[in-house]
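Protein sequence lines correspond, in order, to chains A and B. The opening position of the first sequence corresponds to residue 481 in the numbering used here, with each subsequent residue numbered one higher. The opening position of the second sequence corresponds to residue 31 in the numbering used here, with each subsequent residue numbered one higher.
Hints were generated in silico from the structure; no laboratory data involved. Every residue gets a Cβ at the ideal spot worked out from N, C-alpha and C, and that includes glycine. A portion of the hints provided could be inaccurate.
[To be verified] The following label-pair restraints were derived from C-beta to C-beta distances:
| # | chain 1 | residue 1 | chain 2 | residue 2 | range |
| --- | --- | --- | --- | --- | --- |
| 1 | B | T293 | A | K759 | 18 to 28 Å |
| 2 | A | K620 | B | E148 | 21 to 31 Å |
| 3 | B | V197 | A | T771 | 17 to 27 Å |
| 4 | A | Q600 | B | E144 | 48 to 58 Å |
| 5 | A | K620 | B | V197 | 36 to 46 Å |
| 6 | B | G375 | A | E714 | 48 to 58 Å |
| 7 | A | T771 | B | E147 | 40 to 50 Å |
| 8 | B | C150 | A | G529 | 27 to 37 Å |
| 9 | B | E147 | A | L656 | 55 to 65 Å |
| 10 | A | E722 | B | E230 | 21 to 31 Å |
[Stated by the list, open to error] Stretches of chain A that chain B covers, calculated by requiring three or more beta carbons in the stretch to come under 8 Å of a beta carbon on chain B:
| # | stretch |
| --- | --- |
| 11 | 505-512 |
| 12 | 548-558 |
| 13 | 614-622 |
| 14 | 692-705 |
| 15 | 827-839 |
[Said to hold, decoys possible] Okay, derived cross-link-like pairs now, DSBU-like style, lysine-lysine, Cα gap no bigger than 30 Å in a straight line:
| # | chain 1 | residue 1 | chain 2 | residue 2 |
| --- | --- | --- | --- | --- |
| 16 | B | K115 | B | K268 |
| 17 | B | K200 | A | K868 |
| 18 | B | K221 | B | K395 |
| 19 | A | K489 | B | K200 |
| 20 | B | K57 | A | K489 |
| 21 | A | K506 | A | K489 |
| 22 | B | K395 | B | K115 |
| 23 | B | K395 | A | K641 |
| 24 | A | K506 | B | K416 |
| 25 | B | K491 | A | K641 |
| 26 | B | K41 | B | K416 |
| 27 | B | K115 | B | K159 |
| 28 | A | K637 | B | K395 |
| 29 | A | K641 | B | K187 |
| 30 | B | K268 | A | K637 |
| 31 | A | K506 | B | K502 |
| 32 | A | K868 | A | K641 |
| 33 | A | K637 | A | K569 |
| 34 | B | K491 | A | K637 |
| 35 | A | K868 | A | K637 |
| 36 | A | K639 | B | K268 |
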Amino acid sequence: MLNIHFFGKSRMYYSDEAACDQLGTKAYALIALLVLNEHRHLSREKIIGYLWPDSNEDAARYNLRYNLWLIKKNIKVDGQGNPFLLVDKETCAINPAYPFRSDILEIINFSPSDEDDIDQLLLLKSLFQGEFLEGCYFNKCDSFNEWIIFERINFEKRKVKILKRLVALYEASGDLDACLDTIQDIMEIEPYDEAMVEKTLDIYAMCGNRTAAITYYNWFSNQLAGSLGVGPSESLKAKYNELRTQVAQRQDSACATTCNGEHCLKCSEHDGIVRKQDKPIVMLMTYCLETIPFYWMASFLESVTQQLDREILQLLEPLEIVALSSIQPQLAYLYESMDERSLSVSVREAGVVSAFIRLVGQMGLKYRIQLTIADEDAMDLHSADIYKYIMTVHADCFI
Amino acid sequence: MIADIVIKNGKCMTMVDKTIHTWLAVKGDRILALGDGQGYETYLGDKTICLDAEGHTVMPGFIDSHFHVVQTALNAISLDLSAVKSHEELGERIRKAHAESNGAFVRGIGVSAEQFEEGCFPTRTLLDKYCDNVPVWLNSLEYQVSVLNTYAMLYFKIPFTADGVEVDEKQMPTGVFYRNANAILRANILKNISNQDRREAISNIMERLLSNGITTVNAMEGGYMYSDKDADFIYENKSVFPIDIELFYQSMDIKMIQEMGLTRLGGSLYIDGTMGSRTAALSFEYADAPGKMGRLFLSQQEINEFVLACYQNNLQLALYTIGDRAIQSALEAHENALYQTGIKGLRHRLEHVELPTEAQIEKAKELNIIFSMQPTYELYWGGPGKMYESRLGDYYVNTNPFRAILDHGVLICGGSDCDITEPRPFLGIHGAVNHPVEKHRVSLYEALKMFTYNGAYAIFKEDEKGSLVAGKLADILILDCDIHAVPKNEIEQVKIMTTIKSGEVLFNRQV
């Protein structure tokens, strides 16, 4: 099967065969354009506008013809005689019947889901072998250069999303070393991402290695001061202070119970405190739809009903359940225990929000929430506001 | 013993007790002897270089106590755009620089949004109109902002997802980068500058330094707005350059500093920001920005912990402090660390110290803190109608109070903060002697000492350099005049005729 890579130096090869690399950068650019417009026919004018905008019409048409010929010459028809490209007088397109793989297609076809597995994500991660269309800049091709920038931004976001999903899966599987390595990959892209630093501290704490957590915090503080001239956020400082306090408490506790108050070098090995990390983890997969108010919150509630027993929801007041069920009908099964008066009240948005926030708080008392949000950029505005709020007031409920 | 070099007919200022001799002899890299009259004749041999100072001043080589070596070197091969007034003028300068650059990428420095009549930074598409076939990278005056053309957007690794990427109405990057994005971008670009390029750039500025009499610099490298690769380069290569380079690694990573075997750290380790950007931490509001008092970059607890750790690890520390609130914070941290450790003698420094109060000066004396200051600032920004007055209003008369600092017994070492000001010690000496506020002026001798003996003391090298004494390094300058005969207001015009570094004549001005 044909494999085409657009990350790093563009290249293509057939499985088990040496690379067939007779194509120039414009040809690869043309293929990339068509691959990312898969299932669409692009007009020749549009392609010329991208790749040969400053050539006269004849020259531009010739250049396009030549590159199409070059691609045809290098990419053989498949076993059924299907050509790679479908080309006619007006348009060009990738032939949907032609079997091939491309790094960019595999990456854009990824969407976080409950079925994700680590091997699949590692494979995706391995596809990022440099920049999209690395080394490509086409003088006077302003639209095409804009398109490359646009796609690089999208791919960067996708890479972070894949890595974050990988972090979640590693954490859930208990492979904390791999989890830390993956966070480090994210930090290479976003070296000042404090959420990742907090997660790192959590993981160290989870392993009982608070010394490493404190060392890491100090290293990060130095990086912030050295590179940005700022200190850590209040939230991160609070996390750090919590860790330091835990160390002190643990040492005090251990000394008092096992060492009769005498100084003991082994105290740091004792674990006499209940860590919030000892709570069970609940993994919630959620989805977004930008145009539907409260959609993400509804998705969150759906995931809660699937993952947890009704006990957690029954901690809410009847009116709160009614409010939440106005955005997630699946909660209606809880009505059986309610009186008619509760069911007859009219629900206002503030009631939904208030009930949702209280639910998250109640969940945080019992669980650590491992939240995955698919297509976060498409979160509806109501949910986005609430999400931001709960991440402020209930940040410690989340991993 | 026969000398390698003899300087006769000079006024050799030893910088020790104001003693002056008429001749000096050098053997190898050391000063062999000094004296008066004809005593030098016994040191003359067939191969002795005999320099006639013609009655001019002979003095120790200058020590510039605050100098950003790599940045100065790279900026020397960059395009200074600080004087352009419009985007069009900027574009034409870039176009011209590109035409003359043989295809190399164009790095512009010194731009600010305020300098343009358009009132904003240019976007990448505007830059493209003037240069679209090599990368263009513009740096703001204090390196807080970067601007790229489209070529550079595709050439360099861009932190698209970081905070600080400016976007247009279509959510596409404009090419202007602030905050985190700027820091990451700068690091990405600077780390890709090869050490060979660094070496060549630094070599290129050496003659300029020697022609201004500089034989030692304190190199403030790495960290915020710089690149750790710069510091690592200086650490590994400082010995290949003809002048002495004393590294101040601008890092708070004490473990790394110790593993490198360094005994000091700091330089531009920021406690606050700059007066120009109104981020220097003041105890009062800026005159031209009511409600703003600048900011401390670190909390008092963080500063205390860091300073304490430096004391505990016997590291000399140089903290960047400009406003009185930052100076206070640093002094409190030192007081706390001294109280907790009782460790003295590390010769800790505060860098810049532009606005100390009398009480703070007294506290610095009590704590034996050295002030590393830049008198040239007063020539650039001091006095009526200049930047200090704009920012501070009537309070501008309190900036850089050299007289009071010396009178309280606090040692000042002088530096240029190059490339913020020119690497010309006589400019700094002129600034200290001719401070716009008369009560802050110092004597010529005191000003010379800031750039010689005091500079050596501030790096624990007073037994090696900073004065003309037999046995010390032969870092020697011959001036074009008798400095004592020069009117005060003409000090900045004094030139170096000869610079001798470690016994080698490395600069000789052609007459």
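How the hints compare with the structure:
The supplied range of 18 to 28 Å is broken by T293/B and K759/A, whose beta-carbon atoms lie about 48 Å from each other. Evaluation of the 21 to 31 Å hint for K620/A and E148/B yields a pass: the beta carbon distance comes to about 25 Å. A hinted range of 17 to 27 Å holds for the C-beta pair V197/B and T771/A, which are about 22 Å apart. For Q600/A paired with E144/B, a C-beta distance near 52 Å keeps the hint of 48 to 58 Å intact.
Under the hint 36 to 46 Å, the C-beta atoms of K620/A and V197/B, about 24 Å apart, miss the expected range. Look at G375/B against E714/A: about 37 Å separates their beta carbons, and that is not inside 48 to 58 Å. Taken as a hint, the range 40 to 50 Å holds for the pair T771/A and E147/B, whose Cβ atoms sit roughly 44 Å apart. For the pair C150/B and G529/A, the beta carbons lie near 30 Å from each other, so the given range of 27 to 37 Å is met.
A hinted range of 55 to 65 Å for the beta carbons of E147/B and L656/A is consistent with their spacing of about 57 Å. Taking the beta carbon of each, E722/A and E230/B are about 50 Å apart, not inside 21 to 31 Å as hinted. With 0 residues bearing a CB less than 8 Å from a CB of chain B, the stretch 505-512 of chain A misses the requirement of three and the coverage assertion fails. Counting residues of the stretch 548-558 of chain A whose beta carbon lies closer than 8 Å to any beta carbon of chain B gives 0, which falls short of the minimum of three for the stated coverage.
Only when three residues or more bring their CB closer than 8 Å to a CB of chain B does the claim for the stretch 614-622 of chain A stand; here the count is 5, and the claim holds. Given a C-beta distance limit of less than 8 Å, the hint that chain B covers the stretch 692-705 of chain A holds, as 4 residues qualify and 3 suffice. As drawn, the stretch 827-839 of chain A meets chain B at 0 residues by the rule of a beta-carbon pair under 8 Å; below three, the given contact is violated. For the given pair, K115/B sits about 39 Å from K268/B by alpha-carbon distance, which is inconsistent with the 30 Å threshold.
Pair hint K200/B plus K868/A holds up; C-alpha atoms about 24 Å apart against a cutoff of 30 Å. For the hint pairing K221/B with K395/B, the CA-to-CA distance comes to about 40 Å; that exceeds 30 Å, so the pair is violated. Under the criterion of a C-alpha separation no larger than 30 Å, the hint pairing K489/A with K200/B is consistent with the structure, at around 29 Å. Between the alpha carbons of K57/B and K489/A the distance comes to roughly 60 Å, so the proposed pair goes past 30 Å and is violated.
This hinted pair checks out: K506/A and K489/A have alpha carbons roughly 13 Å apart, not beyond 30 Å. Of the supplied pair hints, the one linking K395/B and K115/B is violated, its CA atoms being roughly 46 Å apart against a limit of 30 Å. Taking the CA atoms of K395/B and K641/A, the gap is near 55 Å; set against the 30 Å cutoff, the hint is violated. A threshold of 30 Å between alpha carbons decides the hint, and for K506/A with K416/B the separation of about 55 Å lies outside it, so the pair is violated.
Using a Cα cut-off of 30 Å, the hinted pair K491/B and K641/A is violated, with the two alpha carbons roughly 54 Å apart. A distance of roughly 38 Å separates the Cα atoms of K41/B and K416/B; the hinted pair therefore is violated under the 30 Å criterion. Of the supplied pair hints, the one linking K115/B and K159/B holds, its CA atoms being roughly 18 Å apart against a limit of 30 Å. A distance of roughly 54 Å separates the Cα atoms of K637/A and K395/B; the hinted pair therefore is violated under the 30 Å criterion.
The hinted pair formed by K641/A and K187/B meets the criterion: a straight-line CA distance of about 19 Å does not exceed 30 Å. Of the pairs offered as hints, the one joining K268/B and K637/A is violated, with about 41 Å between alpha carbons and a cut-off of 30 Å exceeded. Taken as a hint, the K506/A and K502/B pair is broken in the structure, with Cα atoms around 66 Å apart against an allowance of 30 Å. Among the hinted pairs, K868/A with K641/A is consistent with the structure: their alpha-carbon atoms are about 18 Å apart, no more than 30 Å.
Simply put, K637/A and K569/A have alpha-carbon atoms about 37 Å apart, too far for the 30 Å limit, and the pair is violated. Simply put, K491/B and K637/A have alpha-carbon atoms about 52 Å apart, too far for the 30 Å limit, and the pair is violated. Between K868/A and K637/A the CA atoms are separated by roughly 19 Å; this keeps the pair inside 30 Å, and the hint holds. Taken as a hint, the K639/A and K268/B pair is broken in the structure, with Cα atoms around 40 Å apart against an allowance of 30 Å.
Of the numbered hints given earlier, the model fails hints 1, 5, 6, 10, 11, 12, 15, 16, 18, 20, 22, 23, 24, 25, 26, 28, 30, 31, 33, 34 and 36; all others are met.
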